[in-house]
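Modelling step: build the complete structure from the supplied sequences, incorporating the hints.
So the chains spell out like this:
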Amino acid sequence: MKNLRVSSSPHITSPATTRRIMLDVIIALMPAVIAMVLLYGFYPLVLTVLSVSMAVFSEWVFNVVTKRPQTVRDLSSVVTGIMLALNLPPVVPFYVPMVGAAFAILIVKMLFGGIGKNFANPAITARIFLMLAWTGVMTRFVLPVDLSDGANLFAYFSHGVDISLPDAITTATPMQHIKDAISSGGDPAEGLSALDMFLGRIGGSAGEVSTLAVLIGGVYLAVRRVIDVKIPVLYIASTALFTAIFFADSPYVGEYVWTYLLGGGLMFGAVFMATDYATSPKTPVAVVIYGLGLGFLTVVIRKFGTMNEGVSFAILLMNIVTPLLEKIKRKPFGTPVKGAREIFAEIGAKFGKKSSRDEEGGECVG
Amino acid sequence: MKKSAMPQELKFSMKGKGKIVTNGIFASNPVFRLVLGMCPTLAISTSAFNGLGMGLAATVVLVCSNALVSLLRKVIPDKVRIPAYVLIIATFVTLVEMLLRKFIPALYDALGIYLPLIVVNCIILARAEAFASTNKVGDSVLDGLGMGLGFTLALVLLGVIREFLGSGTFFTGSFGDVEFGVTLGDLPDYSMAVFVLPAGGFLTLGLVMAAINAISDKAAKARDEKHEEEGKLIDEMVREHVENELAETENIAKDEVYAERSLPSSGDDGDMPVGEERK
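Top to bottom, those sequences are chains A and B. Under the numbering used here, the first sequence is numbered contiguously, ending at residue 366. Under the numbering used here, the second sequence is numbered contiguously, ending at residue 279.
Hints are computed from structural coordinates only; laboratory data are not their basis. This one's a predicted model, so the numbers in the text were calculated from it and none came from an experiment. Take these hints with a grain of salt, some might be off.
Stated by the list, open to error - The list that follows gives simulated cross-link-like pairs (lysine-lysine, DSBU-like), each with its CA atoms no further than 35 Å apart:
| hint | chain 1 | residue 1 | chain 2 | residue 2 |
| --- | --- | --- | --- | --- |
| 1 | A | 67 | B | 17 |
| 2 | B | 17 | B | 221 |
| 3 | A | 117 | B | 221 |
| 4 | B | 218 | A | 117 |
To be verified - For each label pair, taking beta carbons as the anchor points, the in silico distance ranges come out as:
| hint | chain 1 | residue 1 | chain 2 | residue 2 | range |
| --- | --- | --- | --- | --- | --- |
| 5 | A | 111 | B | 28 | 57 to 63 Å |
| 6 | B | 116 | A | 324 | 55 to 61 Å |
| 7 | A | 332 | B | 189 | 58 to 64 Å |
| 8 | A | 187 | B | 38 | 43 to 49 Å |
| 9 | A | 241 | B | 82 | 50 to 56 Å |
| 10 | A | 321 | B | 213 | 24 to 30 Å |
| 11 | A | 333 | B | 213 | 39 to 45 Å |
| 12 | A | 53 | B | 82 | 56 to 62 Å |
| 13 | A | 16 | B | 208 | 29 to 35 Å |
| 14 | B | 28 | A | 20 | 49 to 55 Å |
| 15 | B | 122 | A | 321 | 48 to 54 Å |
| 16 | B | 109 | A | 229 | 54 to 60 Å |
Said to hold, decoys possible - Not close to chain B: a few residues of chain A, all C-beta gaps over 12 Å, as computed:
| hint | residue |
| --- | --- |
| 17 | 66 |
| 18 | 220 |
| 19 | 278 |
| 20 | 282 |
| 21 | 334 |
Note that the Cβ used here is the ideal one computed from N, Cα and C, for glycine as well.
Set out below in C-alpha cells:
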C-alpha cells in the first residue's frame, strides 16, 4: 500500500530522464569525437577533456556557492563541454576551451536559472564569445595530419600552448575559399572535393569537418527520438533553397549549394545545436519558421557578412526569437476543424455582407 | 517608550545635505540604479581613463545646469521647459567641449561624438526635470554633484574591468604630454578583445549590475528583518494600547449598559435580556 501515490494529472510516465537524454546525445557525439582524433591526433581530445571538466566544475561550484541542489549528475554540462570543444579549431591554446566552458555554464546557463532556462544554446554562445574574444586564434585552422606516421598523433602538442601558430601549418578552410570565390566571381568548388568534405579531410573546426560522423550521430538521435527531426531537415533544406535563391545570378549555383551544405558547421549545428530542447520551438508553425529562419540567416551571413561562417550567429539569433515564435496563435484543443467549403462560405458571407452594406450606404448618400 | 521611537525614525530620513550627495552616488546611482545614460556608459567605458574624463565632463555640466535650472525654475514656463533645459545644458556642454579641446585634446579625441551628446544625456535632463526644477539652488547643486560622481564612479568601475580584460592594461591614458598607466607584462597578447567591443560592454554592465543587486538585496533583507523585529515590537505596543483603550471603552460602555439596564430591568423580570439578544 505504501507504493500507492495520489497525484494530480498528467499521469503518463516516461522512462526518459534528463540524464538518459544527455547520455544519448553524448553517444551521438562520439562519432564526431572519433573522427576528430582520426583527423587531428590527440591534442583536440585533450582540449575536449579540459572543456568538459571545466564545464562540470563550473556547474558544481556555482551550485555549491549559491546553495542550490546539485545538478551536475544530469550530464548536461558534459554535453555542453563536448559540443564546445568540437566547435573550436583543432589547435587553440589550452585556456581557450576552459574559458569558453566556464562562460557557457556560468553566464549563459546557470545565471539564467540552470538547465532548461537558458535563453540560448550555451555552447554556441560560448563559441561566439570566444570568436569575438580571440578572433585571431579562433580563425586559424590547420589541415588534418597524416596519422600513418605514429608520431603525428601528438603533432600539435608543441603548438598548443602558444598563442601564435606558425603560418606554415595554417590553412584556408573551404568557407574561406567560397568567400574568396564570391568576391572574385570564380568557381567556389574549384580545388574542393565533395568526398574530402564529406569525410572531413579539410581544414575546419575540430569536430565539425566530418559530415559523415555528424550524420551518424544525427541518425542515432533520430532513431532514439531524442531530437525533433523536422528542425535539422528544415534547416538543411532551407539553406539549400536560400543558397539557390541568393546565388541564382551566378553561373555556379550548383557548386555553391553543395559546398555550402558540406562546408563549415552547418551539419553539426543543424543536428546538435539547433535542436537543443530549451531553445528550440515546439509548435509546428514555429518549427517551420525556425528552420526557414536558420537557413535564411546562415546564407545571408555567409554571403554578405564579413565572417566566413554564419551558422553560430544564425542559431543564436533564432534561439533568441524562439519564445516569440512559440506565441504564434494556436487553436485551443477541441476547436472544430474547418473544411475548405466552410472557409469559402465564411469569406463569401463576409464579402457579401460588406458589399450589400456598401450599397445601402451608397443609396443613403445618394 | 512608543513616543520616543517615532521621532527617531523621522530624524533618520532628514539627515542633512550630505544625504543628497550620497544618494546620487549609491542609493540611486544613475547607471546601476536609475539605468540612465546607457549610450555613453556602454560606448565610453572601454577604458578607465575615458570613463573618468566622460564622467567628470558630465559632472561639470550637471552641476552647472542644475544650478541654472534651479535658479530659473520660477521663470521658465511649464510648457516650454524641456527646450529651455536643453538650451541651458547645451550652453554648458559647448563650454566643456571648448575647454577639453584646448587643454586635453587626447581625451577630446577619445570621447568623440559622445561629448556633444552630453546635451541629450538622460541623466542631466532627468535631474533637471526631476530635481532641479522643484528644489532650491543649493540642494540642486549637491544633487548634480552626487549624480555626477555616481556616474563617474560607475564609468570608472566598468572602464577598469573592461580595460583589464579587453586590453590587458590598467588606467592607461595621456594628460597633455604625460603618459601614465600600467601595462601588465604579456597580458595584452592574451586579452579578450570582446570586452572592448559593444558586446563586452553589455556583458560587463549586466554582470556588475547583477552583483550590485545581489549585494544590495542581501543588505535590504537584513534591514527588513531588523525592521520587522522593530515593527513587531511597535505592533505589540500598539495592540496593547488598543486593547487597553478598548477595555476602557468597553468598561465605560458596560457601565452605561448596566446603567441603562439597571433602570428598566428594575421593573421587569427575566424576559428583557432574551429580547435584546435577538436584536
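Cβ-Cβ distance between residue 332 (chain A) and residue 189 (chain B): within 58 to 64 Å? holds, 60 Å
Satisfaction of hint between residue 117 (chain A) and residue 218 (chain B), Cα-Cα up to 35 Å: holds, 24 Å
Outcome for the supplied range 29 to 35 Å, where the beta carbon pair is residue 16 (chain A) and residue 208 (chain B): Violated, at about 40 Å.
Can you tell me whether the CB distance of residue 28 (chain B) to residue 20 (chain A) sits inside 49 to 55 Å? holds, 50 Å
Sort out whether residue 221 (chain B) lies within 35 Å of residue 117 (chain A), counting only the CA atoms. Holds - the C-alpha atoms of residue 221 (chain B) and residue 117 (chain A) are around 26 Å apart, at most 35 Å.
Status of residue 66 (chain A), Cβ more than 12 Å from any chain B Cβ: violated, 10 Å
Outcome of range test on Cβ distance (residue 187 (chain A), residue 38 (chain B); 43 to 49 Å): Roughly 48 Å apart at Cβ, these two residues keep to the hinted range, so it holds.
Under the criterion that the straight-line Cα-Cα distance not exceed 35 Å, is the pair residue 17 (chain B), residue 221 (chain B) satisfied? Holds, at about 27 Å.
Return holds or violated for the Cβ distance of residue 111 (chain A) and residue 28 (chain B) against the range 57 to 63 Å. 25 Å Cβ-Cβ, so the 57 to 63 Å window is violated.
So residue 334 (chain A) supposedly isn't at the interface. Is its beta-carbon more than 12 Å from every beta-carbon in chain B? Non-interface label stands for residue 334 (chain A): nearest chain B Cβ at 43 Å, farther than 12 Å.
For the pair we were handed, residue 67 (chain A) and residue 17 (chain B), check the Cα-Cα distance against 35 Å. violated, 41 Å
Look at the Cβ atoms of residue 116 (chain B) and residue 324 (chain A) and judge whether their distance stays inside 55 to 61 Å. For residue 116 (chain B) and residue 324 (chain A) the Cβ distance comes to about 37 Å; the hint is violated.
Consistency note: the structure conflicts with the earlier hints numbered 1, 5, 6, 13, 15 and 17.
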